[in-house]
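Take these sequences, add in the hints, and give me the full structure.
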Amino acid sequence: MTTVVSVLWRYTPLLLLAAAWEAVTRLHLISQNALPTLSSVIASLIRLMTDDLAHHTLVSVTRGATGLALAIVAGTAAGVLMAWYRPVRMVVNPFIQLLYPLPKSALIPLTIIWLGLGNSSKIALIFIGCLLPVVVSAFNAARGVDHLLVWSARSVGASDREILREIVIPAALPEILNGYRIALALCFILVVAGELIIANNGIGYLIGFLGEAGDYRGMFAGVLTISLIGFAADRLYVLAMNRLLVWRG
Amino acid sequence: MAASRPATTPKPLESSVTAPSAGIVIDNVMHEYQPQRGRAVLALDRLNLEIRDGEFIALLGPSGCGKSTLLYLIGGFMPIQHGRITVGGRAVTGPGPDRGIVFQHFALYPWKTVRENVLYGLTKQRLTRDECRDRAEHFIKLVGLTGFEDSYPSQLSGGMKQRVAIARTLAIDPDTLLMDEPFGALDAQTRALMQEELIAIWNQSPKTVVFVTHDVREAVLLADRVAVMSARPGRLKEIVDTRSLRAANADVAETPEFVEKVKYIWNLVREEAIAAERHQ
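Chains as they are written, first to last, in the numbering used here: chain Z, 20 to 268; chain E, 288 to 567.
You can trust all of the hints, since none of them are fake.
Label pairs and their calculated CB-CB ranges: (1) D165(Z) - D417(E): 27 to 35 Å; (2) V110(Z) - R377(E): 36 to 44 Å; (3) H166(Z) - W553(E): 28 to 36 Å.
If you're looking for bench data, these hints aren't it; they were derived computationally from the structure. Treat the numbers as computed from the prediction; the structure is a model and nothing was measured. Every residue gets a Cβ at the ideal spot worked out from N, C-alpha and C, and that includes glycine.
Put into structure tokens, the structure is as follows:
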């Protein structure tokens, strides 16, 4: 009970924003053509839920989760190995430097030409986009591990591989997990961007479709849906991360 | 050619050294740091030092004189560029559990509890799970941390963290204990307490200890001999015997002999500290 109250209290500013949204649209301070009332958006959201909103949401979440998971696995391995083994760094680094300043959305048309309109083009885009923050954070984290921790393990007879697994990775974990969080946020951007430009399902597609059809309430309902999912995903992630890193005290 | 050197080495050898020394022999060691850019810095220059088995030796000298470098070379953490170091008759080629190290800033694994920190090194030795557990428990008790086994380092004070580090190192029972300003990061009272405890622990199980410090009093209080090093590049300036002043109790620190010895060593260090300042 107290947690419910404290959560409500913490998000009071958001509740106030919702109230203000409802008020300014009701009072016609902002035209309802530009911004439909919140209540009508919610009504539209409920109507869409009985329709195909769940389907499109599931499609988008699956794409996002797949791309992100691949990026996390590949990116963490690449980042840590780059930090630990000089030859890996020399081979991988130029690609990272090339990819870093590249606007990932510029790749959307390319991924579509190569991989089609379906899942693979979206997943590839998310993978590439999310890879960078993961690699960069894993690399910096693993490089930044206090060398005395490594020495300490070495002096009791730990092998190189044991040191990597038992010392370097746990020591680097907080920073690695922060990189994942950035990637999580990016994955929402990329999934919607990819689907908005060209796709035949997914929440981004739905937002674009409803917008073009003139159903602004429905469009807002789509935006609201993806925002809420993104928000919930981030909060859950932070919760899990703090639980995993209790030792930080 | 490793262990028994001919007795004609131009060094003041102990009579006991006819058999391969179980202590530490530092023979003509030089060490140079090569920074990313700029000129190489000579940290140690042709240093010779012999540490007897079971002896507690303090390394004293101005900042940057290479005390820690020497300790890390004995530990095998850095390659020996020139000269040689033998520990217990065997040439040092890398780190090993025969030489335990305690660092100034503890270097505990922050994601491991007190017990897990002590256990980590034990699990790398040839011990059964029960032996590991018992040893960990014993050494946690020895340093007075019973009741804190499940605490994380972030929940402990500086003094407690250093106790964990000492317990962790003692638990694997190294023949040699390398201590790099272990009490340097602690406040004065905690430091005094830890010095007393170290003496008590060392009396229980005497090991060869190489103890790097800035603190002349601490050196005289703890060590059998104090090796004073020169300003960079580090060389051995003088070895002062302080065995008679090793503190069985803190009262020793009040005697005129103690005060006199501290003053004498402080003057040696002072000359070098001034020289070091000029070089900056």
